[in-house]
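S.K.: Here is how the chains run, residue by residue.
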Amino acid sequence: MPGPASQPKVRVVTFRVDDQDLSAREDETLIEVCREHRIPIPSLCYLEGLSAWGGCRLCMVEIVGQPRLAAACSTRVVEGMEVHTDTERLRRYRRTLVELLFAERAHVCSVCVSNGHCELQTLAQRCGVDHMRMPRRAVSYPVDSSHEMFRVDHDRCILCTRCVRVCDEIEGAHTWDVMGRGSDCRVITDMAQPWAESETCTSCGKCVQVCPTGALVKQGTSVGEMVKDQHFLPILARRRHPR
Amino acid sequence: MHLDDLAEQAATIRARDAETEHEIRVCMAASCQSSGSGQVLDALRAGVEPQTQSCRVKGVGCMGLCSAGPLVAVAAPGDTLNASRLYRDVAPTDAPAILDNLGNPEPIERLHCPTDQPFFTAQHRIVLEHSGRIDPDSLDDAIAVGGYSALVRALTELTPAEVLREVTSSGLRGRGGGGYPTGLKWSTVAKMPGGQKYVVCNADEGDPGAFMDRAVLESDPHRVIEGMAIAGYAVGASKGYVYVRAEYPLAVERLTNAIRKAKRAGFLGSQIADTQFGFEIELRLGAGAFVCGEETALMASIQGLRGQPRPRPPYPAEAGLWGCPTLINNVETFANIAPIVREGGDWFAALGTEGSKGTKVFALAGTIVNTGLIEVPMGTRLAHIIEVIGGGIPGGGRVKAVQTGGPSGGCIPRAHLDTPVDYDSLKGLGTIMGSGGMIVMDERSSMVDVARYFMEFCMTESCGKCVPCRTGTQQMHALLERIAAAEAGRAELALLEELCEVVQATSLCGLGQTAPNPVLSTLRYFRDEYESRLVD
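Protein sequences appear in the order of chains A and B. Position 178 of the first sequence, counted from 1, bears residue number 178 in the working numbering, the numbering being contiguous throughout. Position 530 of the second sequence, counted from 1, bears residue number 530 in the working numbering, the numbering being contiguous throughout.
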């Protein structure tokens, strides 16, 4: 005789996203469910397989009955919730946020190795950013080309910390972290020394693959040549933490 | 320890103190010290030696009227501040005159600061009840005025649930700025399952012009320790942290001293008052980041991580320090606990207004005659605070606006000074109660400059984690610079308003969400000042 079936530990809830009825496990976040159902929610810091960060604020959605917007990457689904992901207000906010990112550092797509394969660029196109209403911040940051295989260009960094998280959570090296405050924040290797001198870096290159822009790239790439492959991440994450 | 033992100990100390005829109290809080009260204390001590033994000179905490420092009060032991004879702007050379005048029924006219003026009589002191009376470094002084009796009573006579009921029925709301009901927060942590829980005291006071928490810690540190220990008992926590900024060295010193003495006397540590309850408090010094006043950033900093916020939920009550349920309250909130347990929740709830109970401490600053620290019942009208207690504008000028809530708050124009000060009324005016900073501005102040100042503050204090706060504050600051310099046009003003909306709606934590408030409130009441500077 087989024993009694084991009880499910997590409940499944049903809710509505953009007038579409969906079901999901209650420990899933909104953005996970929306990605699963191909409901487009823009994001730059969120990446499947990494912990949620909640920094880019592009995945903000409206939840009926809640006065404040919610970040889809850090909001769990709740039974009966009603979510709108693409209202006029959200589109306007997202456009402004992308504009703010472009104005923060020297993002010049035409001379970028990631031109055509850049998540920031793609998002700008999708959000309808066709001109800049605000002045660019006139600050230039150095490029660190000391590593034999990779390069970091802080002028193209949007501080999404995907590199920090993948290095810590997946590779286990924690070479990357952030220093400074406000717009002067900078991703650093070890104690802000040149990348080549890092004692913890394993040169695995995961940080380069997950970087959404041309900030972290392979050496020897020219304009538009840097194509990134992030497929390894969800596969690795799922093997390590099967649901 | 039995409650009667503590009462007996207090009576013994009071009887001993009463043997001296006069008590000379010198304010040794930070602001009076910066105007030289340390030398005044030394001069008085040196002068008293050859005299009779019926005089005791002691350093005490803040007496409130910081603009008149150094302050010296001559009193009989046990007298309240208002019953004492107060001297202002005292120099070390005035010491002989003060000592000579001790028995004289008439005060020294040139130094006298009457305590029957509204600044003193119109206040209602609960949090500051012992501030300026007791020596903050003396545990005996604290015990003599009833210190730790609320803790011992809670531990020996009340159940945790009964303590929770008193705090809930008091209607106390968080004094750090948010105004979240304290009783609800405590019950949430109390109801969380699990072994390890923490109590955190947020003493990372960072609003420009605000110094309420500093004064409480410098003047009566035992009151905060007592409040935290009672909280620990009520919610089931055995460990507390005080997160205090390193820029408050005097507060850190006195708190360290107070914790050590409380522990030695058995008010902290294991088996407090011979019960099963144990509670330890540790200090954590902040390195001066404003964002670390935000609770999730503060907890990250306590854990040794980078001080930056994380998305909520989970709230600290569910998953706080090291993932454990954590109760986090402001200094002034904890300072209200002992009186609530002592007098009962209903007594506290009888003070204040419908939605805001008790009193609130404010740091009066800016263009006002009496700058300093005051405590008034909730619901006191702003005009009363500024004109009567604060003494109005020096030289009889007119108030233009009052800024409350620091970088998260807004400006209240003259026309609304009749508003009662409580959480909801201030919110309705587009500002917040905040932690208690109150900056008074006269007609000469430019509101665009005020907004620009606070935006610069938020820009430099942004942790850099989320895009709208990090880059939005910087763009808004640049726009305000251009408007202030009369270089901007209508399009720029429209963009500023748009950015205010986006930053408010999308930022991760309170710092960013409220950063546009100074701009929005000055735009609401003083739009003409912006428009008059536009170039097209």
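Hints should not be assumed to be uniformly reliable.
[Claimed, not checked] Computed Cβ-Cβ distance ranges for the label pairs, DEER-style:
1. B:79 x A:180: 46 to 54 Å
2. A:36 x B:347: 55 to 63 Å
3. A:87 x B:418: 51 to 59 Å
4. B:253 x A:36: 22 to 30 Å
[Stated by the list, open to error] Quick look at which bits of chain B chain A covers, simulated, 3 or more residues with Cβ under 8 Å:
5. 447-461
6. 502-515
Keep in mind that the hints were calculated from the coordinates and are not lab data. Please read all numbers here as calculations on a predicted model, not as lab measurements. All C-beta atoms, glycine included, are put in the ideal place defined by N, C-alpha and C.
S.K.: For every hint, state whether the structure bears it out.
M.R.: Hints versus structure:
1. Against the hinted window of 46 to 54 Å, the Cβ-Cβ separation of residue 79 of chain B and residue 180 of chain A comes to about 53 Å, which satisfies the hint.
2. The hint said 55 to 63 Å for the Cβ distance between residue 36 of chain A and residue 347 of chain B, and at roughly 56 Å that hint holds.
3. Checked against the given bound of 51 to 59 Å, the beta carbons of residue 87 of chain A and residue 418 of chain B, roughly 40 Å apart, lie outside it.
4. Taken as a hint, the range 22 to 30 Å is violated for the pair residue 253 of chain B and residue 36 of chain A, whose Cβ atoms sit roughly 56 Å apart.
5. With 3 residues bearing a CB less than 8 Å from a CB of chain A, the stretch 447-461 of chain B meets the requirement of three and the coverage assertion stands.
6. For the stretch 502-515 of chain B, the stated coverage by chain A is satisfied: 5 residues place a CB nearer than 8 Å to a CB of that chain, which reaches the threshold of 3.
Violation of the numbered hints given earlier is confined to hints 3 and 4; the remaining hints are satisfied by the structure.
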